[in-house]
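For reference, the chains in residue letters:
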Amino acid sequence: MSAHAPELRRLFAFLDGRLPPRDQLETRVHLEACPACRAQLDVLRRTRGALRELGERMPVVPPQNPNAEAKLMQEVARRGAPGTRVQWWWLPVTAGATLLLALLVLPRLRGASAGGEPVTETVAPGPEAPAAEGDRVATVVALRGQVEDGVSAEALHPGKAGDDLPGSAVIRTGGDGEARLALAAGGEIALGPATTLVLPPDAQGVLRLDGGTIDVHVTPRKEGERPFGVETAVARIEAIGTRFRVVHAAGATSVDVSEGKVRFVSLPSDEEQLVAAGKAARVDGSGRVAEIPAGSTLVAVAEAPAEAPEAALTPEPPAPAPEPPGEAVEPGEVEVPIQVTRARGTIDGARVRARVSRQRGAFQSCYADYMMRVAPQPVRVNAKFIVLDDGSVGSIDVNLTVEDPTLAQCVERVFRAIEFPRPQGGPARVFYPIDLSP
Amino acid sequence: MAVAAQVVWPEAILVGSETENLVGRCLTGDADAFRELYRNHRPHVARLVQRILGPDSEVEDVIQEAFIQIHRSLPSFQGSSLLSTWIHRVAVNVALQHIRRRKRQRAGPVTMVAEPPEPSSGDPAPEEDVLWRDRMRKLYAALDTLSPKKRAVFVLHEIEGMSAEDIAKTMHAPLITVRTRLFYARKALYALLAADPSFHELVGGGGG
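Chains A and B are the protein sequences, given in the same order. Per our numbering, the first sequence starts with residue 13, numbered consecutively. Per our numbering, the second sequence starts with residue 860, numbered consecutively.
Just so you know, not all the hints are guaranteed correct.
As the list claims (entries may be wrong) - Going by beta-carbon spacing under 8 Å, a handful of chain A positions derived as facing chain B:
no., residue
1, V55
2, R60
3, L66
4, N77
5, A80
6, E81
7, L84
8, D282
9, L286
10, P433
Because the hints were derived from the structure by calculation, they are not lab data. Ideal Cβ positions, reconstructed from N, Cα and C, are used throughout, including at glycine.
Turn these sequences into a full structure, and let the hints steer you where they fit.
Structure below.
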């Protein structure tokens, strides 16, 4: 009988060869000394083998009903061209119109450049090399007491304010520690004492709370963006612009919402519940979601200032980031994500243009909507954004020559959906003007 | 009234990739282009749909439905992923919708033996095939106890052999979510299968 049978999760990870080398070795050593664990692993392995074999016995390509294609084509013909709304755009792309469009484009390009603004601005690597490899997902803004961070749980070192944390990095606070993170995707997280948080592989991913307490303040996500998410061993919390606290301790997860709403999903049972401001809920290993009194999660961090942990911290902001030059951010409805990214990389301008130009149809669709709503008048879009290490868009600032937040948001969404080429030497800044005209 | 509009770029880049041209042609209502898209992608779409649904007499209908949905949604294809990834995503979603619909239609709890018998194929199958078909049916009956999303992740990983990373791309879900779904699906399914006598010999008899 083994007193320390590796948990199932670890056995699966072992089976998949997904454990870090040290854990893989550790598990193998443990298995050698534990016949019961070996037997369990054996069952898992055989089951997996049986499933793979079942898969192999299915036809590689399922046979096709002889008239399936004809039926489909008939159905499609009946429906007409897909997306009639943007259909008109594709027509001019064909040969003849290309020349016309090119002629229209060139003078405007000169106009743009004559305005003194470069088409694509790249920022050369600064004097300080990027501290972390991979994608920067968050930055440590402030900390107190014992705090460690690193690229993985095996590589933790004492943390300091200004640490850039890449994808999948781990940050851990000790019994007296606290830390505050600014997320590249917008938002802040305060870690209470004795907390371990694993960052997502990319800025848009889901965080994992292995234990402890986090206070989350997320900036509103735009339509079409993934909601902010935190996962624990038993629950997933999704939020779209909100403040809430998550506590994971003793196998149970609680969420306490102070602003907005979160979706609280029990992972064992798939049960889900919307938790609104002023409410709290809890899920444990049984998978059952239960409402709990709001504020009861505060007990878990009794020694931490209950109100705003940030007030107790001495913020040490990272070295001043070279802000995008130009206009101040407009204080409109659009909340601007916290700028935590320092642009110091370079990016291939031609490839940026190629990626953006693929989205013509989408920009056109934004503009067509604007013309319907407002007026068919020309609009100049000045988009400034940061391309992060993974090719996604970090902070973005869309300025228009007309005041129309809907159009600005639509344009921003299109930019955000683009997968850019990965910049060299860290995030890169891009300035991208577009002229829209009737 | 459709207003003619133009987007003027800093530079005119109008030569698209082959995929882009194919999508563009489909969007103009070019039937040949859509036929080409169908022929290129049907094999993989059919494979995914069949593996997710299992022995289901409606596999062919769901494949058709997937392509109708692909046709309808083409304008929203933004090129931020590969066309094939996007097509597979639509196909997986259509298959999951089918499962949800089927679940709603089936009154009462789903039990492991509730699966309807497989439609008989022409020639009599060798005994071993019968055995495997029986296992297949049991597997999919067990899969019916999972939520559709867990089922999809499980099937794509355990039967189709896709990596969690590829599943995340296809399903447009965070990697950690895929891993968690996979864990809970495996935990539930492996236990069910280990309890089933016809899997028993494969899964390792004695049971420790």
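Evaluated hints:
1. V55: holds (5 Å)
2. R60: At about 6 Å, which falls below the 8 Å cut-off, the nearest Cβ of chain B leaves the hint on A:R60 intact, so it holds.
3. L66: Status holds, d = 6 Å.
4. N77: With a minimum Cβ separation of about 5 Å from chain B (threshold 8 Å), the hint on A:N77 holds.
5. A80: Nearest chain B Cβ about 6 Å off; hint holds.
6. E81: holds (7 Å)
7. L84: holds (6 Å)
8. D282: This hint holds: A:D282 lies near chain B, its Cβ roughly 5 Å from the closest one there, short of 8 Å.
9. L286: At about 18 Å, which exceeds the 8 Å cut-off, the nearest Cβ of chain B leaves the hint on A:L286 violated.
10. P433: violated (13 Å)
Violated hints, in rising order: 9, 10; the structure is consistent with all others.
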